[in-house]
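Visitor: So the sequences go chain by chain: A and B. Quick note: the first sequence, position 92, residue 131 per the working numbering, numbers continuous. Quick note: the second sequence, position 97, residue 100 per the working numbering, numbers continuous.
The set of hints was computed from the structure by calculation and includes no laboratory data. Errors might be hidden in some of the hints.
[Claimed, not checked] List time: in silico DSBU-like cross-link candidates among lysine-lysine, alpha-carbon distance up to 35 Å:
hint, chain 1, residue 1, chain 2, residue 2
1, A, 52, B, 61
2, A, 52, B, 45
3, B, 45, A, 40
4, B, 72, A, 52
5, B, 52, A, 40
6, A, 96, B, 45
Computed from a predicted structure; not experimentally measured.
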Amino acid sequence: KAGVTQTPRYLIKTRGQQVTLSCSPISGHRSVSWYQQTPGQGLQFLFEYFSETQRNKGNFPGRFSGRQFSNSRSEMNVSTLELGDSALYLCASSLAGGVLDTQYFGPGTRLTVL
Amino acid sequence: AQSVTQLDSHVSVSEGTPVLLRCNYSSSYSPSLFWYVQHPNKGLQLLLKYTSAATLVKGINGFEAEFKKSETSFHLTKPSAHMSDAAEYFCVVTLYAGGTSYGKLTFGQGTILTVHP
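With the hints as constraints, model all of the structure from the sequences given.
Guide: Encoded structure:
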């Protein structure tokens, strides 16, 4: 069974631009979560989608948004990029996003904002 | 509120010696606890998870962890380190808190394990 895939793997953008990251979950998984990883803040939860609905979100500004499609693939969008948005963005999929579910992570998208 | 503290930011061991990575959690309810490993420029891989069954949990690559409720700890151990174990390790907690728990993992700050030949 194929793992979680993320595209692109690397991105370089400039301040003020917007960016869209994509995540394809493991087949059969309906929950997709997104995380931001930085050296200073560590791994932080952004949001979770299940059946095309955002069920949970972390403490990030509204510039960070996402969506999920009917095939469970998910996209994350960051508008008006700031230097501090440079990070590794990880997505994870699980069967249903429950507390007992195991989340499986993709390799991440490395975003650099100049 | 739930939180997780990894007591060491860096641990250095020699190949063939035991590994101990320490983790304490704070939770008002029974948590689910995980250890993930991240090799350089890679995603996170699940090592093991505890979900209120046996308190001693065995994972992949010879790692195991023991849940101790009285000490609110979930330390990760391995009897004999291998060079390939060098990576960053994350202790992770999640618990049921209604809608705010869906799909949300709370990560410790990570412990970088260095293995010397």
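Visitor: Now look at each hint and say whether the structure bears it out.
Guide: Checked hints:
1. A:52 to B:61: Distance of about 43 Å is beyond 35 Å: violated.
2. A:52 to B:45: holds (21 Å)
3. B:45 to A:40: Roughly 19 Å between the alpha carbons, so the hint for residue 45 (chain B) and residue 40 (chain A) holds.
4. B:72 to A:52: violated (46 Å)
5. B:52 to A:40: Judged against 35 Å, a Cα distance of about 21 Å means the pair holds.
6. A:96 to B:45: Holds - the C-alpha atoms of residue 45 (chain B) and residue 96 (chain A) are around 24 Å apart, at most 35 Å.
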